[in-house]
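Visitor: All chains should be built: construct the whole structure from the sequences, respecting the hints.
Here's the letter readout for the chains.
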Amino acid sequence: MQLVLEKRAERSRTIALVSPLIAIGLTLITMSILFAVLGKNPIMALGVYFIAPLTDGYSLQEIAVKATPLVMIAIGLSLCYLANAWNIGAEGQFLMGAVAGSWIAVNTQGTDAGHWVLPAMLVAGAVAGALYALIPALCRVKFGASEILTSLMLVYVADLVLDYLVRGPWRDPAGFNFPTTAEFDPVATVPVLIEGGRLHLGSIIALVVVAGAFVLLDRTIKGFEIRVVGVAPRAARFGGFNANQLVLLTFAVSGALAGLAGIIEVAGPIGHLQPGISPGYGFTAIIVAFLGRLNPVGILIAGLFLALTFIGGEQAQITMKIPLDVTKVFQGILLFYVLACDSLILYRFKLVFTSRQVQSGAG
Amino acid sequence: MMKRLLGAAAALVLAGSIAGAAHAADKLKVGFIYLGPIGDLGWTYQHELGRQALVKELGDKIETTYLENVPEGPDSERAIEQLVRAGNKLIFTTSFGYMDPTLKVAKKYPNVHFEHATGYKRDKNMSTYSGRWYQGRYIQGQIAAKMSKAGVLGYIGSFPIPEVVSGINATMLGAQSINPNIKVKIIWVNTWFDPGKEADAAKALLDQGADIIMQHTDSPAAMQVAAERGKLAFGQDSEMIKFGPKAQLTSILDTWGPYYIARVKAELDGTWKSEDTWGGLDSKMFEMAPYTNMPDDVKKLAEETQAAITSGKLHPFKCPIVAQDGKEVECKGGDHLADGQILGMNFYVKGVDDKLPGK
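Chain order of the listed sequences is A and B.
The opening residue of the first sequence carries number 189 in the numbering used here; numbering runs sequentially from there.
The opening residue of the second sequence carries number -16 in the numbering used here; numbering runs sequentially from there.
Note that these hints are calculated values from the structure, not bench results.
Just so we're clear, the structure is a prediction, and the values are computed from it rather than from any experiment.
Ideal Cβ placement from N, Cα and C applies to all residues, glycine included.
Computed footprint of chain A on chain B; a stretch qualifies when at least three of its residues, placed anywhere within it, have a C-beta under 8 Å from a C-beta of chain A:
hint, segment
1, 77 to 85
2, 326 to 334
Cut-off 25 Å, straight-line C-alpha distance, at most; resulting in silico cross-link-like pairs (BS3-like, lysine-lysine):
hint, chain 1, residue 1, chain 2, residue 2
3, A, K509, B, K44
4, B, K10, A, K509
5, A, K509, B, K248
6, A, K228, B, K10
7, B, K12, A, K509
8, B, K12, A, K228
9, B, K72, A, K509
10, B, K107, B, K87
11, B, K39, A, K228
12, B, K72, B, K10
13, A, K509, B, K39
Guide: Take a look at the structure:
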């Protein structure tokens, strides 16, 4: 008797729905065991991770703040990935967006420029992100260069451009030579939604982006094209869809969203341009995109969930003295189970009663 | 069923936090924000040792909490605020990049006291503290000049901020006091902690003819490279002799413990005030690791210089100071540069054969 994985005749819709729940359940069980081994009360620990952050307004705001750039970038990436275009360089587009928007903020500093500054910054951020993303897209379309490599390499270029600017021309003259621009003027700052909190307009923009992506994919021909090109390139060609054009389009959109997220982050929670504005949002967003199954609503949930584990992880460090590494193990285990459970959509377990010898004898 | 479980869990958490609050009423809560992992064997590790010294000394009166690996971006503001919300009344934020986030949270919570390491922005409830590491660098410069056969020093720079630039200048001034023709080669790695990059920089410097490695980065990687190649090196932040028993000449050891203990005592007594502390060798804000792998006369010289700096007889930035372009620097501190000039140092002294990045 043995247990084998057998390919299903078609995708199981039930499993597709419950597999994330199974994954979360398995994660909770595994983590409980881990907490018990560490000598912590598992129920209390899980409470600190998952429930405590949801019980007060402050933590809820922080979850939204943390999830905002992740969701925005991941939505853009999902369009690329659905169209079989592999943008790995969202981090660079995020940085370029931040740089372009900051250019306006830095140059209007101390002037009596009016309320057009912030909208102009947001537009500049999105345009710069889109243009930066078009470089690897054009390289793929024109020369067949792997966009995975080129988009990734451009991350480092963007990083160094930002570095140069804040150490050189844009450095705060009153900042003792430290690498940062001066604090942005109020007209160049993303407004907070609740006085005294950190929740800002960017979170609303992220929700609009989610809704927009949902409509695009579910209700428009363009969305259909994106899906078909990804799933069945040959069929798409017969259908007269231009795959190259879609590569350019999805890269531009995803770059624009990453750039927008970048300038919102800089003009919002940070308030000035400095090196290290992103703790790897562009890369974490790849995880968010896949965790959310490349579906806009799924991405929103995945982004919030990942943010929850960050906030909960900090609270666990503070209230229960659980090391940060446990939070990382936690995130890793979760991703592992999600991917493992996903294989059940296409495969199923089956008990095989015939012995191997009989099989080989027959064959 | 699920609902009931959640309810039970929430109740437990609540009970836990209430118990915690009651417990905390009699103990002062002190929080720390760390840049790296506590096991980085450099900067963060030394702060962690300081915290442990604090617990050893005042453990019955205080409860400490730390958050490690906190990135210097917007996440740090949240991390600091989380500590405030958990009831910490004195919070040490231990990296330069936490300056603005610390200030923002400090303005929001006027009844909580903050201590920011190596920054320059202060407030009624926010102090700053740092070390005069340039003093140690001057001693290292003298040792390096004595020990180098090639007359070329290799220097791994992190970021061209004043603290690092003044370290390079102090090193050169110390080295020039022994050998006026000493040369220094500098590689900027643009990171505080990246063992791979630090090791590559050390190799490149040795390949370019340097025979002594000095660093302003946090990992022991450069020390290991020097040890492998049979060259000499200086540690940084912490004792790195076990990574180069035959290579380490000395190391600047950040000893935060005494400062942390003093500040927490002040907080307990109700005498805490916002201050700017810039401690040198005399205040034990840092120490020099034992002088090793050098002949006795060099060791004696180093000890004499250390004693002279500690007593205030010798100032590494004694005037006249001549800048790289040959012009004399205005002397604003009497017979030596003023603290403000060192804290904002944005020029190389004469003899440094490098262009300051961003200038």
